[in-house]
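*Asks:* Here's the letter readout for the chains.
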Amino acid sequence: MKTIRGLRVPGLQDDVSPAGFRHLPVPERVVLPLEFSLGKVNPVVEPGQQIRAGEYVGRDENQMIPPVRASVSGVVTEITPWPSADGQKLLSVVIEANGDEEVVRLPLNGNGESKPESLLRRIAEAGIREVDAYAWPLAVRLAQPSLTPPILLPFAPALRKPVRYLIINGMDRQPGVSVRRNAILAEEKELLESVPLLKQITAAETTLITIYKDQKLPADFERKVSSLGAELLKCPRTYPLALKQGLIPYVTGEKLPGPNDDARSVGAVMLDVTTAQRIAAACKEGYPAVETSVEIIEPARGATTHVKVREGTLLEDLLAQLPDRPQNPAKTIIGGPFLGYAQYQFRIPLTQQTDSVVFQSKDELTHFVNAPCMNCGFCVRHCPMGLMPGDLSRLCEYGHFEAAEKAGLFHCIECGICSYVCPAQRPMVQLLRFGKSEMLAVQEAS
Amino acid sequence: MKHPELTVSVSPHIHSGYTVARMMYENAGALIPVALAGWFFFGWPALKILALSAGTALLVEWGWEKLFGPPANIRDGSALLTGLLLGCILTTEVPWWIPILGSLVAITVGRHAFGGMGNHPFSSVLVGWAFLEISYKEILETYPLAEPRFLLEASEFFSDPPLIAMKDDLESILEVPWSELFFGNVPGTLGTVCVLAILLGGAYLLYRRIITWHIPLSFIFSAWLFALIMWQVDPEVYAPPTFHILSGWMMFGAFFLATEKGTAPVTPLGMIFYGIGCGVLTIIIRTWGIYTEGVPFAILLMNGATPLLDRIKPGTAGRSR
Chain A
377 MKTIRGLRVP
387 GLQDDVSPAG
397 FRHLPVPERV
407 VLPLEFSLGK
417 VNPVVEPGQQ
427 IRAGEYVGRD
437 ENQMIPPVRA
447 SVSGVVTEIT
457 PWPSADGQKL
467 LSVVIEANGD
477 EEVVRLPLNG
487 NGESKPESLL
497 RRIAEAGIRE
507 VDAYAWPLAV
517 RLAQPSLTPP
527 ILLPFAPALR
537 KPVRYLIING
547 MDRQPGVSVR
557 RNAILAEEKE
567 LLESVPLLKQ
577 ITAAETTLIT
587 IYKDQKLPAD
597 FERKVSSLGA
607 ELLKCPRTYP
617 LALKQGLIPY
627 VTGEKLPGPN
637 DDARSVGAVM
647 LDVTTAQRIA
657 AACKEGYPAV
667 ETSVEIIEPA
677 RGATTHVKVR
687 EGTLLEDLLA
697 QLPDRPQNPA
707 KTIIGGPFLG
717 YAQYQFRIPL
727 TQQTDSVVFQ
737 SKDELTHFVN
747 APCMNCGFCV
757 RHCPMGLMPG
767 DLSRLCEYGH
777 FEAAEKAGLF
787 HCIECGICSY
797 VCPAQRPMVQ
807 LLRFGKSEML
817 AVQEAS
Chain B
-18 MKHPELTVSV
-8 SPHIHSGYTV
2 ARMMYENAGA
12 LIPVALAGWF
22 FFGWPALKIL
32 ALSAGTALLV
42 EWGWEKLFGP
52 PANIRDGSAL
62 LTGLLLGCIL
72 TTEVPWWIPI
82 LGSLVAITVG
92 RHAFGGMGNH
102 PFSSVLVGWA
112 FLEISYKEIL
122 ETYPLAEPRF
132 LLEASEFFSD
142 PPLIAMKDDL
152 ESILEVPWSE
162 LFFGNVPGTL
172 GTVCVLAILL
182 GGAYLLYRRI
192 ITWHIPLSFI
202 FSAWLFALIM
212 WQVDPEVYAP
222 PTFHILSGWM
232 MFGAFFLATE
242 KGTAPVTPLG
252 MIFYGIGCGV
262 LTIIIRTWGI
272 YTEGVPFAIL
282 LMNGATPLLD
292 RIKPGTAGRS
302 R
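Protein sequences appear in the order of chains A and B. So for the first sequence, our numbering puts the first residue at 377; every next one is plus one. So for the second sequence, our numbering puts the first residue at -18; every next one is plus one.
Calculated directly from the structure, the hints in this document are not laboratory data. These figures come from a predicted structure and were not determined experimentally. All the given hints hold, so there is nothing to weed out.
These stretches of chain A come out as covered by chain B in the derived footprint (C-beta under 8 Å, 3 or more residues):
(1) 715 to 727
(2) 736 to 747
(3) 762 to 771
(4) 805 to 812
If the Cβ cut is set under 8 Å, some of the chain B residues that face chain A in the computed set are:
(5) H(-16)
(6) T(-12)
(7) V(-11)
(8) V(-9)
(9) P(-7)
(10) H(-6)
(11) H(-4)
(12) Y(-1)
(13) V1
(14) M4
(15) G97
(16) M98
(17) K242
(18) G243
(19) V247
Ideal Cβ positions, reconstructed from N, Cα and C, are used throughout, including at glycine.
So that you can see chain A by itself, here it is in the shape it has in the complex:
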């Protein structure tokens, strides 16, 4: 095992009480983006068309990118670019809901269901999307070499390697968020059901469920997990250990070639517990992934609410349904305090890639300062990727982008630790992102 450097951030929701999920009624309207970091799907509906929840609204011709399914029943009103949580405008399908809660199930065809091929096809069809950004779609990553479509192998030789480690990650991505810890407590059954399925699909040598050392678990959880042939791996509470760039070296002892390469290149598959639960729901009950769990966090009041909503619910509509909605937030962050995106409005669809929304009050706002780097070395001490963020930030600040690239700029995973610890309060992540975007622009132009 290989621990990474990082940071223990004390006090941010260390303890999660088993709050469970609050299920909210079907919203009046949903917005379903069709574009993702992996690629985009083509719309298969037209404005004015009636649709039922669970039916396709967008599919990929090559069936590589998971399809988009309607999360509510109703009428497609328009297909239009819509602002997304990360500040882009993505082609999206807007559906006016008719209030029907029924969801069309995936076809379950009897006893042949337990074969890995059909399980894999079902996972690919269920429309499951993940919070973490991975290089390949879920179904591609999970497939053992014999199940991998041969057409992919020339592009991704790592898929030829057998899966040594299957890692089901129950640790939250960042301090201050408790989505996954809550999911383990609230939906233990689905998680345990997913383990045999995943073992069958990946043919993994070792199956691990990673948790924090002092995490609250359902009763007798460890014994149930080991009876399924899996292990609980108790990890320190270091951020960003729960991100793949931290967890893969920690479990396998091998570094990823580059921060964006997939874990399969070192013989590991990683997915988080909420994805595993969606897989179990799709395979056991034929329930397509049309819901998303979102944590509403208000640090000022110490309040956190876990809700389950239909995918594509607008933040605005979600807030209107909450009895104790946050009052006058000064900052609204989708995606958590370290990795999230600040929003300028509330008409943002909450998708499966969203796990949390943080509302900060005016007193909690942090201010970056245009101060020089004093070379104190705090960022070097904590950088999980072993970079020298202070140097990189200066290089980017003064326009030496090539030098920054040589010093490892593109190994930065933007975890935000350097900004968090910087005593001079420099906007470290912003400077590094600026350098990356400039370098990408140069590469595109040439």
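We have chain A already, so just place chain B on it with the hints.
*Replies:* The following block gives chain B in isolation, referenced to the frame of chain A:
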């Protein structure tokens, strides 16, 4: 619908709350035992010197900020720290204008001429001190006798600082118990004599993680090892290693001067090499140099090597570079 009341910024959206000012004031707080030891052995003039140097440093920083603006900043405490450190490496015998002149040079030439905090290549404290040492050698090297306020008796072993005694007559230091050096009951500069007080302050710096162990430990250990080798070669000519690390500015330099932010490397391996360089150079200068104290020049020389040492990068967490 736009919401003008919503603040938008890049991630991350939280900060540890640990600022430069807090670091500097905590660093200055670590000097409290050192200042008390100065008062204990040399009386009220010790505090007068510290007040003069710190006050001048603050005044100069304030003036610079008024004239030229940022990055000069009197509120971040860095000027206070520089002033206090400079006071610690002066004797109580110096006239009132020595700490004032030293602070003036440290803040203006040592720091702001190079572009302010974090950008000066050489320790601003030692730049101020080196200016005084070169200009007023006689004044700076007049050492008062240690006169403990209570508990301890005035030492009968030394009339000069231990390092001068070592150069004059190696025999004379051999019978001195190490405890004399450890408690600091010897003539010398006001902040550097008491090893116990410096270790207390250094432990606080380590505890607060303002500094890491790399520089002080490699500094002291490499000096000890190098002196041990020389001592093994010929104990008639060279002083014992423990004498070297307990005397002079060794401890103060390792914990407070060599670790000045911005002038020391930041990578673990770089810090260790930097410490080794400081330690070995110190013993070389002390043994064969014309100066009695090697620490300040060793640190200034290694400050110059810091940009090179910072090229020793930690292993990037990816196989391809």
